[in-house]
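For this one, chain G is given, so just place chain S on it according to the hints.
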Amino acid sequence: MRRVSGAGLLVVLALAGPGVLLVAVNFAQDSAGHAGTKRPPVLRARFAPAASVPRSSLSSLVPVPPTFAGKLEPLRRGESRSPALAAPEQTGAESTLVPEASPPMASPPSVKAGTDIFLADGSETALAIDVSNANILAGALNQGYLNTPSLLNSSNGNVSWVPNVFPSGAGTITGQTFDPWGSPGNSPGDLFTSLIRRDSIAASKVTHMILAHSGDSGVSWSRLFEVNKALVQDRDMFDVDRTATRGGGTGAAHDGKLYLTYDGFSTATQEAYVASYLQVVSPTGAALTEVTTSLPPGSGFNGTQMQPVAGTLDGQVYLMSVAAAKTDASVTYLLFHEVTGAGTGFTALKSGLVFPAAGQQLATSGRWGLNGHRIDTGGQMDIDRSSGPRRGNLYVLSSRNLHSADPTQDQGDIWLSISTDGAVTWNEAMIPGLAAGKTQFFAMLDVDDDGWIHVAYYQNETGLTDNGVLNASTANLYYTVSSDGGLTWSPHTRVNGSGDTLLYFDPPRDLSAHDYYLIGDYDQVRAGRAGGIKVAYVLWSGYYKYRTDIFQDHGDYAICTKMTPALDSDGDGLFDPQDNCPTIYNPGQEDFNNNGIGDICECLLTRANVDNTGSSLNRIDGSDLFPLARAFGSCSGDAAYNASTDLSPQGCVDGYDLAILASLWAESVPVTCP
Amino acid sequence: MNGYRGAPRFVPMAVAVMLLGPLLLSQSCGGGGGGGSGHVTPVMHFTCGGAVAASPDQISLSCPATSGSPMLVTVIIGGATTSTDIYGIKFDLVFSPTVMTFQAPAIEGTFLNQGGAATSIIAAPAPGDPGRVVVSITRTGAVSGTQAAAPQATVITLGFAATGLTGATFLTFENAEAVDDSTPTPTPIVSIGFTSSPLTVSFQ
Chain G
18 MRRVSGAGLL
28 VVLALAGPGV
38 LLVAVNFAQD
48 SAGHAGTKRP
58 PVLRARFAPA
68 ASVPRSSLSS
78 LVPVPPTFAG
88 KLEPLRRGES
98 RSPALAAPEQ
108 TGAESTLVPE
118 ASPPMASPPS
128 VKAGTDIFLA
138 DGSETALAID
148 VSNANILAGA
158 LNQGYLNTPS
168 LLNSSNGNVS
178 WVPNVFPSGA
188 GTITGQTFDP
198 WGSPGNSPGD
208 LFTSLIRRDS
218 IAASKVTHMI
228 LAHSGDSGVS
238 WSRLFEVNKA
248 LVQDRDMFDV
258 DRTATRGGGT
268 GAAHDGKLYL
278 TYDGFSTATQ
288 EAYVASYLQV
298 VSPTGAALTE
308 VTTSLPPGSG
318 FNGTQMQPVA
328 GTLDGQVYLM
338 SVAAAKTDAS
348 VTYLLFHEVT
358 GAGTGFTALK
368 SGLVFPAAGQ
378 QLATSGRWGL
388 NGHRIDTGGQ
398 MDIDRSSGPR
408 RGNLYVLSSR
418 NLHSADPTQD
428 QGDIWLSIST
438 DGAVTWNEAM
448 IPGLAAGKTQ
458 FFAMLDVDDD
468 GWIHVAYYQN
478 ETGLTDNGVL
488 NASTANLYYT
498 VSSDGGLTWS
508 PHTRVNGSGD
518 TLLYFDPPRD
528 LSAHDYYLIG
538 DYDQVRAGRA
548 GGIKVAYVLW
558 SGYYKYRTDI
568 FQDHGDYAIC
578 TKMTPALDSD
588 GDGLFDPQDN
598 CPTIYNPGQE
608 DFNNNGIGDI
618 CECLLTRANV
628 DNTGSSLNRI
638 DGSDLFPLAR
648 AFGSCSGDAA
658 YNASTDLSPQ
668 GCVDGYDLAI
678 LASLWAESVP
688 VTCP
Chain S
125 MNGYRGAPRF
135 VPMAVAVMLL
145 GPLLLSQSCG
155 GGGGGGSGHV
165 TPVMHFTCGG
175 AVAASPDQIS
185 LSCPATSGSP
195 MLVTVIIGGA
205 TTSTDIYGIK
215 FDLVFSPTVM
225 TFQAPAIEGT
235 FLNQGGAATS
245 IIAAPAPGDP
255 GRVVVSITRT
265 GAVSGTQAAA
275 PQATVITLGF
285 AATGLTGATF
295 LTFENAEAVD
305 DSTPTPTPIV
315 SIGFTSSPLT
325 VSFQ
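Protein sequence lines correspond, in order, to chains G and S. Residue numbering for the first sequence follows this note's numbering, starting at 18 and increasing by one per position. Residue numbering for the second sequence follows this note's numbering, starting at 125 and increasing by one per position.
The reader is advised that the hints may include incorrect statements.
The calculated label-pair distances, taken between Cβ atoms and stated as ranges, are [what the hints assert, rightly or not]:
id : chain 1 : residue 1 : chain 2 : residue 2 : range
1  : S       : Pro275    : G       : Gly631    : 22 to 32 Å
2  : G       : Cys652    : S       : Pro180    : 31 to 41 Å
3  : G       : Thr630    : S       : Thr222    : 42 to 52 Å
4  : G       : Thr630    : S       : Asp209    : 33 to 43 Å
Covered by chain G, per the in silico footprint, the following chain S stretches (three or more residues, Cβ under 8 Å) [said to hold, decoys possible]:
id : segment
5  : 209 to 215
6  : 292 to 303
Hint data in this document are derived by calculation from the structure and do not stem from the laboratory. Treat the numbers as computed from the prediction; the structure is a model and nothing was measured. Even for Gly, the Cβ is constructed at its ideal location relative to N, Cα and C.
Same shape as in the complex, but just chain S:
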């Protein structure tokens, strides 16, 4: 291999097309049952807390109090929003990679695709930073933005798998923005905020 490493080359290596409907992430138990050896394997699971109730114009995180792995974290937007032209939402979720890792695929919510709008979703860990998943979901094409009705709507659901190590982590937003449907470049909507209260997740 030669030394040049500055120019990316991109070859599509796999494209799969399927209905999203069946793509519900299966919930699995965190541990196995006891065997015949006489000792008991403890059941490992996530516990999650710190979620705040949805409020208008606020995007926040929600999670089940206890969960096997993977754990599904839901991003919700409180309504009714002031803005009626929300076109896209982006954010990073930051967490400790020693406790959990992002697990694709992300599952689209019911907010940005309402009315049958086409959407694009990209969610992937930042290169070299497994504790940061960079997420964006946006309407796609020359369509108007939309509004979240009260009390709330689901933006997206993200799965996190346990690494197997026990421990705790915060799950927080960074680099977060919601944008409108301005052309050619959607503009940040200052009235849409992202909660500063982190989720507290532990695996034990």
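Next up, chain G with everything else stripped away, as it sits in the complex:
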């Protein structure tokens, strides 16, 4: 079959008025390049309604362990190292941990193979990307027990990073930092990060959440707000109320306000939970409304570790909190709440999700984890703020253990939960395409401005016991994306280069004296557009067991990797590598003769031959154009809509259909299709 040459093809679409639009269309690509090629399978999620959480069960919920445990206690800069963390290990596992053939590496290279970029020591990572240019990045870190710089920026899309110093709090709040978070503001160059800083007075247990702002794309930073409550503050997060142009609601009364969340624990007994809070802050840093979002069990407990997600109405914030069952630490609850009017309204416990968290209890500690470390048992939440059909959908990603009673089997899978009614009800499914029999954990989520869902996660790859499902020798990081609200997913792509495969102690060291050192409770994927190209960045925690950082204690370090999401050229949710007709909308992937070529492509000539009579018999020409033109601009349900001319069946007869017809112009129609 000969294709229309672009050089001689012209479509002119002349609109009303003196201005005339000229649309030159070249659809010259032949199908032969796709024929017979091995196409990855379509990864379709199978959603089912999530079991509702009975309110009666909520009375038995308790806080999950705070994140500062395993972070605050052991070391300060200059203090002596704990024996259990010193290398080589002094524990019973040391015989297997004596350095093997590989020599210790002082530090990973500053530029890893591929696009892995080493940022700094650290195990908690947060990322903010500029709203107008995704090459502008700000990363905030927990740098182990190093106090500076904790904050870096990149102006060239993760090619290089410049260290900054995260602002101190007032007075003596100048100590080490942990629990990072990041988000862009509403304007280009407007970036926010947060960290919790310790009081530098040794005897003090006080920590303060500090919100930092940069108005110059991350070059310089200043403290915008500090939470001054005399508490051990923990698990800070925040979000920014979007303007309407950035996907927020109509009305601007609350635009730019910042919604800060954190948990408060007693300074006398650090793990004595006091309350959780939502602090609303003005764009200029003034304290506005404070909402006590949770109190200890028995007095209004609504969970802890509340992630705020600014909604699609002005002043609306969804909160997702985490709780555990009092009698069974393996059961995790995610609880959902809604704030309206930027804090004037608060609806607690709109709904909940319950599942067994990935991993197992670490010895008898009551802590939960994998690979000898605690891991985050909660999840990440985001919302579709696009103008598309899924605007307002809430998405929650969690890591679940379907074999919690059998630690020899897969100990973690990534699940996506979706609410289309403002966190009242949920449907959920396992992300399709996860490697069977392997443990996935540390799920990261971002929903970009187009409503695409970006997901990254870790996966245990190998291990001495049970293929490493619980305690691995090696792990890698993967990325996948969905353009249709989670129904279908791109092939999963490994994020890290082979040189950055995580190498764990196997069997793991005994870190019980250090509360199993929590890593990975903050890792982030963030997506946006740079120069019109969609990109995603994963800021993650590497682990190299032979490596000793400057404190000779941990092998973890922060790496940023840039991903280019697969294309979905026709917007049907199927990514081009998986789509049996990648440039024409066919979400159903119909293929009547099972030859791997979608009917919409294979039979397009037949369909485009709308009028197969007279001079248009077996030919694409003006007789086929006339009915299309007649229906042009109409959509399904309109009187003028003519489905036979909706060649790219998206429900409207538009320029795309015209362009398709033009691409077939004057073709003969030899194929018989259903």
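Structure of chain S alone, referenced to chain G:
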């Protein structure tokens, strides 16, 4: 490359949006001037004849008596037409590709877009048949058809470039129809005819 060739795949590769106004095809001379070598290069040009005067309800071809390359051929409709609901016009122009080739873009006339109506134009050679350009121009959307007033209106103008070979060709209509604004499928208007007199074009 694999062997399957039955299923077309279409990827938009270029879309340009511009005002049509400046898109007047430039007239160029058919040959260069003499140089200093002492011999004279003959000036090559089109000659065109056979055009018939416009008459009501008749669509015909018009061309300049002499022209450089490209040569502009104008399709005109004679008025006043009987029909008042002309929505679209389609035709093939057939010619000898050894003498000339179709040269995009086609230039919209003043007939179907009168009153500010949106229009769509597609004009391209038939695949594998460079001596046939398949043309359609139509109003677009749920608007009424229109009528050509006397004495005539321009439907569309098409450019033809010389191949460089001297010779002559006829330029004739085939597969020609004008349609009304019937919904959903515009219907042929039998009262609108297309001239059977070909243009005679030569390049020398």
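Hints, verified against the model:
{"no.": "1", "hint": "Pro275(S) to Gly631(G): 22 to 32 Å", "in the structure": "holds (30 Å)"}
{"no.": "2", "hint": "Cys652(G) to Pro180(S): 31 to 41 Å", "in the structure": "holds (39 Å)"}
{"no.": "3", "hint": "Thr630(G) to Thr222(S): 42 to 52 Å", "in the structure": "violated (33 Å)"}
{"no.": "4", "hint": "Thr630(G) to Asp209(S): 33 to 43 Å", "in the structure": "violated (20 Å)"}
{"no.": "5", "hint": "209 to 215", "in the structure": "holds (count 5)"}
{"no.": "6", "hint": "292 to 303", "in the structure": "holds (count 5)"}
The structure fails hints 3, 4 (numbered hints given earlier, in ascending order).
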